[in-house]
Amino acid sequence: MPFCIFIEGQNNVIQSRFLVDPYTLSIVIDAMYKVLKQLTFLSYYVLLIWLVVSTTVSADQSQLRSASIIERTPEQFGLEHLMETLNLKPSDIGYRTDYTEPDSFRLQLISDLMTTPLGMIDYASQLRQSVVRGQPEVMSAYLFKDLAGAGKSKRGKAYSPNEQELTRPVNLFYSDPILNRLLSRVSLYLDIIIPKSTELAFADISTSQRQFLTTKFVHLLELRVEDEFLTPNQLDSVEKLDEEYAETFAEFGYRINSDPIVDAGLDCLKKLMLDVNALRSQIDSRQVSAKHLVNNTVTLPPGVDRSSYLGVQNGWAVGGPGNDYYRGDYWFILDLGGDDHYDLTYDSHNPHPVIIIDLSGNDLYQTKTDFAIASGCMTVSMLLDFEGDDSYRGQRFSLGSGYFGFGLLYDKSGNDHYDGDTHVQGAGTYGLGLLIDESGRDIYNAAAYAQGFGYVRGFGMIIEGDGADSYYAGGKYKDFLRYDQHYLSMSQGFGFGSRPILSGGIGIILDRKGNDNYYSDIFAQGASYWWSLGMIYDSDGNDNYQSFQYAQGAATHMTLGALIDDFGDDVYTGKGLMQGVGHDYSCGLILDRHGNDLYTAYDLSQGAGSANGAGLLIDNEGDDRYYVKIKKNTHGYGNPRRDFGSIGLFIDLGGFDQYTGFGQNNYYWQTDSKWGGGMDIERMDPDSAKTGGR
Amino acid sequence: MSRNFNRLLIYSVIVMLFLHSPIQGQSIKKRVDSLFVIASTGTVQYRDMEQPAKDSIAAIGLPAVPLLIEKLDTHSARERLTVIRILDSIGVVAVPLLVEALDHPNGLVVQRICWALGDIGDSSAIDGLMNVSSHNRWQVRSQAVRALGRIKNDRAADIVIEAMRDSIGQVRKSAAVASGQIMIHESIANLVHLLGDDFYGARMTAMEALTKLDSSMVLEVLADSINSSDAFVVSQACRLMGEIGGDVAIDILRQLVDSQADRRSRLSAATALLKADPQDLCGFRGQVMAQFDDRLDQIRLRSTFVTPDVK
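Chains as they are written, first to last, in this note's numbering: chain S, 417 to 1110; chain Z, 35 to 345.
Don't read these hints as lab results, they were simulated from the structure.
Be careful, since some hints might not be right.
[To be verified] To be clear about the criterion: a stretch of chain S counts as covered by chain Z if any three or more of its residues have a C-beta under 8 Å from a C-beta of chain Z, and this derived list gives those stretches: (1) 496-502; (2) 897-909; (3) 1079-1086.
For every residue, glycine included, the Cβ atom is placed at its ideal position computed from N, Cα and C.
Sequences are here, hints too, so could you generate the full structure?
Have a look at this one:
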């Protein structure tokens, strides 16, 4: 007899109600106690059997659940399967963190991924899933977490303003409340939060050390065309000077914490996007015209100092719907429309935050100075452009460059053109440099250290949405160390560190859709050098990747590189040390999940490990073509160094493929190397209709 | 020992005379430094000048050695490699000073000196190398054991066997390699144990080392190892037995294929068997293939005798 029932109350709250009186209840309990007492032994046995059965059943169910959750991806299956045939295991691809003395600049993410490099695949998927259209603040915050230093769980926070700062009086110039709310917010960040966060970031270093960052350390990221003409002695002097700068920086650099600056920028961005979207809605819904917004102002008596009024301070400008021209070193610009021309300058020795918001029009942004246009140099700099076919012409440290700070260039729509020299287009050093372009057919052009480039404690990234885009990096600074006629690119998902004392950063291009073209020369396209991570993740489209060397999933000297392409018939072309190559305790990976692809290389490529590194080429499906010139060090090759081998793996899991080199369809091979091999199999049973698949 | 000491004394006196003669010492240092810039330039346009510059420093001989040791703490990988190559060219003459420098306070320098001593391969360095083989820095231990292996003197056998139990995989790898180079037959059981090492470098080099040792002794230990619970030991042992060949090895492999052992072990044995007889002269290919009905196992086994169509 039930003595209480459970009913569902309001808001799905479970409530209990007694249906019997307490006296009846006590009789029932007493009777139950007597029965139980007589059946003590029996009940123990029953209980025991029940426990065993239920535990077994739940364990089985748990295993079943785990099996379904941990279902292997094709690439996981391929790796495990081939490695088993070669007497290897996936955990063999992993590196110690102490081959050389660990420095204070290593990022936790890189440290973790060096231990388990195959984790790059999951990391890329997580990045892809984190992209939210129209919300640059979400992705920026996601990337910020990966700037955590190794072993440093506590992150720096932005300066928190006190009540007096929050409630400071301002003189309103414009009448629109939404506009004023935006301007007040910007003022709070530009005048108080960001500068004070900057002070927090550099609180533990001296003024001269701070100056060192923009006068000396910066040389480590500058390339000089004339260097190719230097004599050996001059080259040695340049090299020694760079070493000296790196060593000097190593002595104090670890005391810098750029977290407060980046955090302040992210916080500002988050709130600013709400205000900007409110303003855009207001204009789009025709509640108020852009012209009315800028013209509807207070009337100031003659002789009043306008610079004390919000929106018209020195270095501030609010432009209307017409075509405007801005020239100089600005702190803040809000432009409500028109085809505008921005001719900007910036003095890196007197850093200050910059925010530029342009709501529409085909705009031209250009500069003749370094550190201008979305360049957070020891501060925050953001450029948000919402509409139009825009042209961005930067110099060095520009177009989404974070140098000891946070730089963001956000372009929501339009066919855009990005032009710059070095440390541009999503480049981060000791900070976050981000370029987000959500749609349009865009063109990226840079010399080096660009297009998703990360140096010491830095994260640089391009996030591209829709559209057939073109990326070009190189052609200016000759790689005179190796070649007469090839140029350094060090871009397009490239991570870089200064060997052996400054671990590097993270450089990534994430391109979601469109038939894209990637062109580069030396070091690019998901590559890295020295305790860094370089990556391209292209989700969709028939893409064309062309480079000469150290590219397309290449990692050299204790580092990580990956090129992952999900869909489309893609073309990978180059000379050598590419398409899945890892050199010197490094892991380079190329993973193509779908499509009929074409791979062409000359030597030491397509799944080649060198000097105890690991190189992996994995192609999950499609009728592919693999061409190489030198057969002895490609298609699953490892060479010996330090008296032991490397790991080279070539994996094709489906389709009817064509080879020059070791491979052939339905075949496992082990190359005459230390140690490597490949397989070309049909992962899914061709007769799977009968067998239920594999 | 006393002979080494006398040699060291004589060399030291010569070097002191060179270097402490102010004019001579200065001029040699200047010359070495100047040549070294060219020797280690690394750029394509000056590459032709590198080797002559290296040769010129090597020709200076003993007086250049202390100056080169000074450069061993360089941050540049290119410079480090250049120093070691020049020391190798100078050869045996450099050994006493290098051994003397093994007590250098910088572990990085010590590991690089071990490297150079290994490349030179002179037995007069054995005592010094044995002394640093238990250095607290694993890189030094690894390089010291490597060098002992290259010198190929069985005085180092105990040190090498001990190093196979080192907590660091790289040291165990160096020991496995050294064991094969010195031909330490007492290490066979240790090497077979290393076939299942967690570090692939140790696992694979142990197998290579075993191929250099007495095959009958190796087979004896391998025969036991195929019952190991470590899948890597079994599969590596199978592969090794296939490479060694002979009736005993083939019988063991056939028994394993026919046994109730797990699929992976049986497949490893089958693969080794088919590789050992690519022409199927013994005629057991068909029987072996018939034991495996999995589609991919079949392809894997077939791949052992199908000639690759390398274009």
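Evaluation of the provided hints:
1. 496-502: holds (count 3)
2. 897-909: As far as the region 897-909 of chain S goes, the hint holds, because 4 residues have Cβ atoms under 8 Å from chain Z.
3. 1079-1086: With 5 residues in contact (Cβ-Cβ under 8 Å with chain Z), the coverage given for the region 1079-1086 of chain S holds.
The structure meets every hint from the earlier list without exception.
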